[in-house]
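Novice: Spelled out, the chains give:
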Amino acid sequence: MMETWWRALTFTLGYNTSLVTVGAMLLAAAAGMVGSFVLLRKRALVSDAISHSTLPGLALAFLVMGVWQGDGRVLPALLAGAAASAALGLWLVQRIGERTRLGEDAAIGAVLSTFFAFGVVLITVIQTLSVRGQSGLTGYLVGATAGMLYSEALLIAACAVGLLLALLVWRRDLLLLCFDADFARTQGFDTGRLDLLLLLLLMAVVVIGLKVTGLILVVALTIIPPVAARFWTDQPMRMVALAALLGALSGYLGVSLSSVREGLPTGPLIVLAAFTLFLVSFLFSPRRGVLASLLAYRRLRQRVHLRQGLLALGRDEPIFDGLTLKLLQRRGHVRRDGVATPAGLAAARDAEHEERLWALYRRRYPDDALHREHAGLTPIGQVLSADAIMALEAELPPTETAR
Amino acid sequence: MNEFMMFSLVPLTVAIIISMTCALLGNFLVLRRQSLIGDAISHVALPGIVVSFLITGTLASLAMMLGAGVAALVTVVLIELIRRLGRVEGSAAMGVVFTSLFALGVLLLEWHGAGGVHLDVEHALYGNLESLIWFEGSSLGALFDPVALADLPPQLGRAAWGGLVVVAFVVVMRRPLVLASFDPDFAASMRARPALVDLLLVTLVAVAAIAAFEAVGSIIVIAMFVCPAAAARLMTNRLGAQIAWSQGFAVAAAVVGYLLAGEAPRWLGFEVSLSAAGMIATVAGLILLAACLFGPCRARTGSAQHR
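Protein chains in written order, with numbering that gives the first Met the number 0: chain A, 0 to 402; chain B, 0 to 306.
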């Protein structure tokens, strides 16, 4: 089992499997890129509406090809049908959002459920006819790469490459649209058409991905890798590149895992691989991850307690807080019975001085002080130049001890 | 007539009850722009049911509903966790969670699919409205015959209980519910607990979705959460009237959709019947389309016109 997986991972499991793997990787990369822009535009779930609304087109195309040729499984025709009905669904989502008072969520929900339901009705029609290859149609619900023909894999890979190139060409325009549509408009961009372009690219990704992950799960490829990538960087272009990378990685892992055993569905495995990558990012990203946030919170708390404890020491006030006492003891500022050590007194004097400097700074330069995060906890020497500190110190009113 | 009693009365009644229940809650979801939570919850019912089957080994209704309920709760909690801790936008967090859980459900299902269990993805999506046959319902008298009534498909009772719970919730909680839907900040300042109301609403959505799921599948559930309420929103500016419209639309969609699925092919000369659940949802969508085109209150008011 492990050996089969290893052979799939190293592309030595046959030409067809390798081609499918590469196709899925390219597709997932394109989905990650397009999804990043859509995520930044805050319309992540539009792809859900698109993917569900492909079903009636798929079913109709299957019906037509089945009646015409006896077998409905003609991938190009099915994809064309899917694209046509997805375009209609997309247009309806846009129009409902623009022309009526309904929110985009209601438009998405209405379009996805109605189109999918109509597709289901069409499928029951197909089931009553004697058209061959009916089981091929349910493969579009949850994805099936196992029985994929060579020509189909090639078509998917070629389309994915085309999409990647298109995204590379238009990346700057799309980015401008996502961050500041009004500015883009003043710069002479037609934002309506850019929006359309973005949605068309999204639609193309979804339609091509149907065969790989199935129409319910292709949404995941456009949402999960971008969300995961967002944890690692604040720079949009890096995020797009990272989303493409994470997408390709999930495609790679998913397809190779599904070739381990007969009958393992590809789509769910790709999605779960993507989710695993997301989970790792969510927990362990050094910038926005949960673990990093927890650590940062702990550090801040310790610093606040330490500073307040030292100030209390300097003012000769009793300390009752357990955490404060523990922190002071650990640094040797107080003895076990709570009495300050000489080192602790010196530290307390420093802390008090620091506090007075910060207070003066905040009074003199309130605007600058607002821009500094947690001003007053960072040592002032790390923030201001030596000259500025000297100037501040010269202005400090004399303390009682100095007198 | 007898044929109608036996084959159509129960499915039609179940469809009407479920449509009205979902549409009632849908009013609040549409107002709060949370329509897609219904979508998410009905997707994760599948993994819930599969996991409960793997644990208990039965397809008993109670175990299934419990599994789906737990899955719904897990989903809501996960969405909130990712949204708050990861600072991810709400709809994206939703997309991450429900697609992953659905993928898990499909994977588990296929993994154990070889066991010949009667449980498949299509069934979960399309439901099985047509199979709710009332064998004892052979004549009008059966409606008053306790022996015959005891033979009613259990899905009817579950749908009715779910509906009652939802109606009771809306009636009891109507003031905080309305307040939290229109102005959560004000509701918070009035100590109306908008967060608690949110959680209760989501729980009730899960109850409705699960009660409906077994009989009609998840597609019709999503359609009924969104379409009638959205259409009603375009008909009036008053909440009471909106709820009334949505109930009317829901009943109309259920009746027309059911009849179309059963009868329309016969008019065209085919001896088949179409998916009733799919047809009901389609009709609901068509009603919304009509409301979008002709509803008296369809336009946005105020100056915030979209370009």
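There's no promise every hint is true.
Computed spacing ranges between beta-carbons, pair by pair [claimed, not checked]: (1) B/271 <-> A/79: 19 to 29 angstroms; (2) A/161 <-> B/2: 53 to 63 angstroms; (3) A/282 <-> B/184: 28 to 38 angstroms.
These are calculated hints, taken from the structure and not from any lab test. Heads up, the beta-carbon is just placed ideally off N, CA and C, and yes, glycines get one too.
Novice: The structure should be examined with respect to each hint, and the outcome stated for every one.
Specialist: Hint check:
1. Look at residue 271 of chain B against residue 79 of chain A: about 27 angstroms separates their beta carbons, and that is inside 19 to 29 angstroms.
2. Judged by the Cβ atoms, the range 53 to 63 angstroms given for residue 161 of chain A and residue 2 of chain B holds: they are separated by roughly 56 angstroms.
3. Remark: the range hint 28 to 38 angstroms for residue 282 of chain A to residue 184 of chain B is upheld by a beta-carbon distance near 32 angstroms.
Figure legend: structure checked against the earlier numbered hints; every hint is met.
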